[in-house]
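Enquirer: Now for the letters of each chain:
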Amino acid sequence: MKTFIISGLLVLISIVGAWAGDETPTVLSNKEAISLVQTHADYVWTLVAAALVFFMQAGFAMVEAGFTRAKNAINIMMKNLMDFSMGSLAYWAIGFGLMFGVSKSGWFGTSGFFLSDFSPGGDPWVLAFWMFQVVFAATAATIVSGAMAERTKFSGYLIYSVFISALIYPIFGSWAWGSLYKGSGWLENLGFIDFAGSTVVHSVGGWAALAGAIVLGPRLGKYAKDGKIKPILGHNMPMAALGVFILWLGWFGFNPGSTTSANKDIAMIFVNTNLAAAAGAVLAMFTSWIKFGKPEVGMSLNGGLAGLVAITSPCASVTPTSAIIIGAAAGVIVVLSVLFFDKIRVDDPVGAISVHGVCGAWGTLAAGIFNIGGTSAKIIGVQLLGIGACFVWTFVGAFILFKLIDLTVGLRVSAEEELEGLDFVEHGGSAYPDFEISHASGIGAMGGQGLLKAETASEKMFRKPVEQI
Amino acid sequence: MKKIEAIIKPFKLDDVKDALNKIGVNGMTINEVKGFGRQRGHKEIYRGAEYQIDFVPKVKIDVVVDSSLADQVVEAISRSANTGKIGDGKIFVLPVDEAVRIRTGETGESAI
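Keeping their order, the protein sequence lines are chains D and A.
The opening residue of the first sequence carries number 29 in the numbering used here; numbering runs sequentially from there.
The opening residue of the second sequence carries number 217 in the numbering used here; numbering runs sequentially from there.
Excised from the complex, chain D in its bound form:
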């Protein structure tokens, strides 16, 4: 027993000895240890933030499904799943290299395709950084889904989602953000401020959405011949609201995570993000209340998102008071913008063009106006240049892309298929089978057999079983 205790004590002493370190710590070794802890914290924060931004995909899916009809809910889920999944692969292969590779011209990167900057055993920072960037690319891609909802051919949408993640988004991104890694962009070299992507992510998504909605045309029955707007009701407002809450949460990764380092800056970015969203929701509610006589839920939800989009660019470079002003203005702008696009008959079922395109442009301009370090005509001029460059590049690029898709595989489903609902004709399923008495129940939210001609889309499907990808 005695020997056992003694040997135990000896082991303990030797452990303590080893724990104290073989070498005495020096100032230098302490410094290295501290910086290692900081590096690890940077990894953790960047990847936690990436996870939060990834969750925004769920938010987009819920918002879009809630604001559209039940007969297209599966299609919305498939588009959101696939623009993230196909987009991830496209961004891995091509997009990341174009955006963050070495760029001599300042227009696009030319290295780092297929994540070739990572070698096993080497520095894994490129992996953490890629993960954070790919969820941003997917956000830009998925914005478009909502504006094109309920009438887009699924195969055409898949082609689009590869091109935006591989080309349209990364090339603009390289102009503004290339130097965050190995690149260098002409726009950032002029001093363009877009901390987390009001322009780089949201306006790119919004302007591509505008191009898509224009090329597609409005949903059947949305605009009457006499000029009246006939609203097509979304099937689940609580679902849309849940989506907005999820997006709001995700934004706490989107903006503060864009530091890609664990530091004290994230506190103000967090607060700014929240205040702008709150001000956006409140002001959109009051705007709808004044304009329509009731505090309307759809506009209020869009208002929260509008505030978030607007503060994305200036979140690190404005005071919390400015953040409130920026968000509040976005809340008013988004309501007026939704009404404007309806008036010119651009059918955007979820308001994506107004929320992401228009309020993204406003936020980018606001980053110049409310800049914490002071503003000048030059700063504002560069912001305007960035906003304009984004619109021209994205809108024109996406417009050509959608036109080409339309001329080749087709971008829009037939009128019969649209009436029937995309869930059945494109995916052979039904989102809520237990809530339907039968599938042949006429028009309305749950679809039903096509009414325009004798052979319905379902019959066509059974005759020619697999038409999909």
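Because the hints were derived from the structure by calculation, they are not lab data.
Beta carbons: idealized from backbone N, C-alpha and C, even for Gly.
Treat each hint with caution, since some may be false.
Said to hold, decoys possible - Pair ranges (Cβ atoms, derived):
#, chain 1, residue 1, chain 2, residue 2, range
1, D, 253, A, 299, 52 to 62 Å
2, D, 249, A, 326, 48 to 58 Å
3, A, 259, D, 76, 44 to 54 Å
4, D, 443, A, 219, 41 to 51 Å
5, D, 72, A, 248, 25 to 35 Å
6, D, 463, A, 306, 26 to 36 Å
Claimed, not checked - Below, a list of computed lysine-lysine pairs in the DSS-like style, where the Cα atoms sit at most 30 Å apart:
#, chain 1, residue 1, chain 2, residue 2
7, D, 322, A, 233
8, D, 319, D, 258
9, D, 256, A, 259
10, A, 238, A, 250
11, A, 276, A, 233
12, D, 371, D, 253
13, A, 238, A, 219
14, A, 218, A, 301
15, D, 258, A, 225
16, D, 258, D, 322
17, A, 225, A, 306
18, D, 258, D, 431
19, D, 256, D, 132
20, D, 253, D, 319
21, A, 218, D, 258
22, A, 225, A, 259
23, A, 306, A, 233
24, D, 253, A, 250
25, A, 250, D, 322
26, A, 250, D, 256
27, D, 250, A, 250
28, A, 218, A, 259
29, A, 301, D, 322
30, D, 322, D, 250
31, A, 250, A, 233
32, D, 319, A, 259
33, D, 371, D, 258
34, D, 406, D, 132
35, D, 253, A, 259
36, A, 259, A, 219
37, D, 210, D, 292
38, D, 371, A, 259
39, A, 219, A, 301
40, D, 258, A, 219
Mind docking chain A on chain D? Use the hints.
Expert: Showing chain A alone in chain D's frame:
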């Protein structure tokens, strides 16, 4: 035998059911239906655009009773479903030729 069809405001269903139970009606069938009468519909707003709801949600109750009970049933429904406001609904009384209890094969009044 008589069949009483009553179209009422949905939130009045429990009151009507209790009133019918009290006078000895032990079974009924209900449907969620939509329609309009003098009440017409109402206006709602969606994303800034106003639209007309023509068909308002209602509940339709079907009760089949002995002919002698029909007046009481009508009275009970009109009393319990009444709010005094437009849109309270309607009651129709129809003759029933035959009733069959599927399980036992009983027919006529003993089947209801």
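Enquirer: Hints first: check each against the structure and report whether it holds.
Expert: Taking the hints in turn, this is what the structure says about them:
no.	hint	verdict
1	D:253 - A:299: 52 to 62 Å	violated, 40 Å
2	D:249 - A:326: 48 to 58 Å	holds, 53 Å
3	A:259 - D:76: 44 to 54 Å	holds, 47 Å
4	D:443 - A:219: 41 to 51 Å	holds, 43 Å
5	D:72 - A:248: 25 to 35 Å	violated, 53 Å
6	D:463 - A:306: 26 to 36 Å	holds, 28 Å
7	D:322 - A:233	violated, 35 Å
8	D:319 - D:258	holds, 18 Å
9	D:256 - A:259	holds, 15 Å
10	A:238 - A:250	holds, 28 Å
11	A:276 - A:233	holds, 12 Å
12	D:371 - D:253	holds, 13 Å
13	A:238 - A:219	holds, 18 Å
14	A:218 - A:301	holds, 28 Å
15	D:258 - A:225	holds, 28 Å
16	D:258 - D:322	holds, 18 Å
17	A:225 - A:306	holds, 10 Å
18	D:258 - D:431	holds, 27 Å
19	D:256 - D:132	violated, 53 Å
20	D:253 - D:319	holds, 24 Å
21	A:218 - D:258	violated, 44 Å
22	A:225 - A:259	holds, 18 Å
23	A:306 - A:233	holds, 16 Å
24	D:253 - A:250	holds, 28 Å
25	A:250 - D:322	holds, 25 Å
26	A:250 - D:256	holds, 25 Å
27	D:250 - A:250	holds, 23 Å
28	A:218 - A:259	violated, 38 Å
29	A:301 - D:322	holds, 24 Å
30	D:322 - D:250	holds, 22 Å
31	A:250 - A:233	holds, 20 Å
32	D:319 - A:259	holds, 15 Å
33	D:371 - D:258	holds, 12 Å
34	D:406 - D:132	holds, 25 Å
35	D:253 - A:259	holds, 21 Å
36	A:259 - A:219	violated, 35 Å
37	D:210 - D:292	holds, 25 Å
38	D:371 - A:259	holds, 20 Å
39	A:219 - A:301	holds, 26 Å
40	D:258 - A:219	violated, 41 Å
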